[in-house]
Amino acid sequence: MEHFIWLIPLLPLGGAVINGIFGRLLKEKSGWIANLTMFVSFILSLRAFGLVRQGVTFDGNLFEWIVAGKFHAPFGVRVDQLSIIMMLIVTGVGFLIHLYSIGYMHGDPGAGRFFAYLNLFIFAMLMLVMGNNLLLLYLGWEGVGLCSYLLIGFWHEKESASKAGLKAFITNRVGDFGFAIGIFIIFSHLGTIAYSQIFAQTDVLVKAGVVTAASLLLFVGAVGKSAQFPLYVWLPDAMEGPTPVSALIHAATMVTAGVYMVARFNPLFSLSPTTMAVIVSVGTFTAIFAATMALVNKDIKRVLAYSTISQLGYMFIGVGVGAYAAGIFHLMTHAFFKALLFLGAGSVMHAMSNETNIEKMGGLYSKIKITAITFMAAWLAISGIPPFSGFFSKDEILAKAFAYHPIVWVFGTLGALLTSFYMSRLVFVTFFGKSRVEPKVEKHIHESPYVMTIPLMVLAVLAVIGGFVGVPELLGGNNGFEHFLAPVFEGAEANLHFAHVSLGLEYGLMGISVLMALGGIWLAYLMYIRETISADALANRFHRTYTLLYNKYYVDEIYFAFIINPILAFSRWLWNFVDSTVIDGIANLLGKIFILFSYIYRRVQTGYVQSYAAFLVVGVLAILAYYLLQAF
Amino acid sequence: MHGIPISYFLILSAILFSLGVIGVIIRRNVIIVFMSIELMLNAVNLTFVAFSNHLNNIEGQIFVFLVMVVAAAEVAVGLGLIVAMFRLRETVHLDDIRLLKW
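Respectively, the protein sequence lines represent chains A and B. If you read the first sequence in the working numbering, its first letter stands for residue 1, the second for the next number, and so on. If you read the second sequence in the working numbering, its first letter stands for residue 1, the second for the next number, and so on.
FYI, nobody ran anything at the bench for these hints, they're computed from the structure. Here the structure is a predicted model, which is why all the values come from computation and not from measurement. By construction, the Cβ of each residue, glycine as well, lies at the ideal position given by its N, Cα and C atoms.
Computed beta-carbon distance windows for the label pairs:
#: 1; chain 1: A; residue 1: Tyr599; chain 2: B; residue 2: Val70; range: 35 to 43 Å
#: 2; chain 1: B; residue 1: Ile62; chain 2: A; residue 2: Tyr612; range: 29 to 37 Å
#: 3; chain 1: B; residue 1: Val75; chain 2: A; residue 2: Tyr612; range: 18 to 26 Å
#: 4; chain 1: A; residue 1: Ala613; chain 2: B; residue 2: Val70; range: 12 to 20 Å
#: 5; chain 1: A; residue 1: Tyr599; chain 2: B; residue 2: Tyr8; range: 45 to 53 Å
#: 6; chain 1: B; residue 1: Glu90; chain 2: A; residue 2: Leu624; range: 35 to 43 Å
#: 7; chain 1: B; residue 1: Val70; chain 2: A; residue 2: Leu596; range: 39 to 47 Å
#: 8; chain 1: B; residue 1: Tyr8; chain 2: A; residue 2: Leu624; range: 17 to 25 Å
#: 9; chain 1: B; residue 1: Val69; chain 2: A; residue 2: Ala613; range: 17 to 25 Å
#: 10; chain 1: B; residue 1: Thr91; chain 2: A; residue 2: Leu589; range: 43 to 51 Å
#: 11; chain 1: B; residue 1: Ile62; chain 2: A; residue 2: Ala613; range: 25 to 33 Å
Put together the whole structure using the sequences plus the hints.
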């Protein structure tokens with residue numbers, strides 16, 4: 001395996017370099033290079049998967065990257081069951097999105113730059129999931145953050161896009177700060193950053209009493225990267241970027257990095273019940289909080305953005321209660337249906353001349369059938385309708401959540417109801433009902449080209465059947481997914497204790513969540529298709545709640561008032577007082593001292609030969625005097 | 001001559017030399033400055049001769065010849081410079097010749 005494994009991340013890097021240098025020359029042909037690297041990486045990942053399935057794992061180094069005294073950072077990868085799943089998702093879904101982008105970015109003058117950034121992102125994400133030490137993880141972590149910034153602000157002439165890119169990067173950095181400190185704590189106690197050595201020495205950390213601190217700080221990084229409360233504010237704004245970017249980075253891969261990291265560090269996290277409780281709380285709160293905001297939003301991409309934040313909350317519930325395999329399972333199914341939803345939204349926007357307001361849509365089903373049908377496949381998956389993929393993964397998490405603490409299950413199920421409602425609302429308002437499309441837009445409605453619809457179709461198939469790898473024993477399956485990942489989570493199993501839930505109860509819980517999903521769809525049907533319940537009347541009756549939700553709980557305004565503006569004011573003061581007055585004053589003072597001295601010394605230059613002769617004589621006398629006095 | 005101790009000659013020579021130095025520094029007329037320079041050179045000559053007599057070594061007096069030659073050449077060149085300067089500036093007052101300051 002060691003022979004070809006390095007090509008998987010390095011090919012996209014090469015693609016990024018080529019497109020970066022020759023992008024302007026190549027223009028849209030750069031898309032073909034980017035797709036080629038992705039395709040080969042995917043094939044190689046499949047080959048590695050075949051090897052892992054036979055039990056062959058790999059943890060080795062290509063070369064020593066940094067050696068500084070005792071600090072030792074190799075460039076190496078760990079390919080085991082967990083990382084191979086991530087690699088397949090990144091290269092597979094990534095390849096489909098690259099294909100789609102060829103159609104989506106057609107005609108854009110910056111296409112070369114786009115594909116360079118996209119490939120660079122894949123490289124960074126692969127380093128994140130394949131790296132075998134904390135420094136490579138952090139490299140990938142920062143790299144994906146950078147590419148996210150570059151891609152969100154891709155159309156940088158648009159001010160809102162530029163600002164959104166900056167917001168994403170800065171918010172991420174807040175989380176990364178905590179993450180870095182967590183890494184420092186681990187290194188200072190263990191003297192190593194390699195996974196293999198860290199996992200073998202977790203008892204050292206326990207004895208030092210830093211397990212909770214280190215794991216909590218690592219989680220802070222995850223909060224920023226995976227858009228959990230309170231560092232989620234960048235994700236809705238990130239929708240300013242091109243839709244393939246939203247699909248790849250903000251649905252399938254980058255935002256899932258936090259979940260991957262918690263799963264990877266399960267030996268550490270499972271040792272701290274406190275941290276796990278924090279993760280579950282944050283995840284649960286975020287899942288509900290974001291879902292409420294998706295209920296009333298009118299922008300198709302923003303509804304999906306809040307949905308992503310909410311679903312990430314579910315993934316954290318999964319890894320938080322110790323059901324690591326379930327969390328990763330949901331990560332995978334979510335990658336399928338969320339990427340599909342975003343690409344579908346992009347297809348809708350393509351048909352609607354870039355309109356994103358769902359109130360200006362309606363009745364599109366008959367006009368863009370492929371987009372609509374694939375979108376609806378994803379809708380059923382995310383709502384948790386069996387036998388679609390989302391049902392199996394979400395249910396797995398909810399069952400384990402109940403075993404952890406029933407209240408988590410209650411909130412999780414409530415969230416499922418909200419999820420199916422807002423997704424159904426989105427589908428019904430966009431594709432069905434009477435058309436509220438503006439006439440001049442209506443004339444141009446057309447289905448997207450094959451290069452865009454084929455990825456939609458592939459993802460739809462995955463969204464439908466993707467769950468079958470993890471059918472629980474309850475329903476007659478063999479739970480293949482969980483067993484496949486079991487070796488990675490062995491370390492944690494010893495530290496976790498799952499309460500026992502009876503079979504009958506499990507069936508009951510499953511039934512309730514399906515009922516909730518169906519209920520959400522039914523409610524949306526009543527409100528938006530039959531219109532027996534008027535959405536506007538509801539909004540008016542509860543108008544204070546509605547305004548609160550519509551304005552996203554004013555969180556952005558609160559951040560501006562209490563955090564950002566004070567910091568800006570402080571910076572301005574530092575600039576005007578400390579920098580202009582104090583520091584410049586000191587620098588100028590030094591200059592003035594020299595000028596003063598020069599006034600004195602200037603007098604030596606008289607131009608008067610006799611004075612020079614006088615100085616000469618004085619000098620000679622001085623030397624003579626010195627030697628004479630020495631003699632005495 | 002055994003009568004006069006050498007120290008008398010040396011002190012005289014030192015005094016003459018100092019007077020010459022002071023003259024070079026203080027006097028404002030170029031010609032006087034030149035005379036002071038000559039005075040310094042002659043003071044040194046006196047020292048050489050005094051030592052030559054004291055040490056019974058003729059080399060001191062030979063050196064005096066050399067010094068005189070140098071003094072003569074220097075006077076020739078120097079006076080040439082003064083004449084040129086006078087033709088330009090119409091003055092021999094040193095205070096007015098400050099070309100080195102700019």
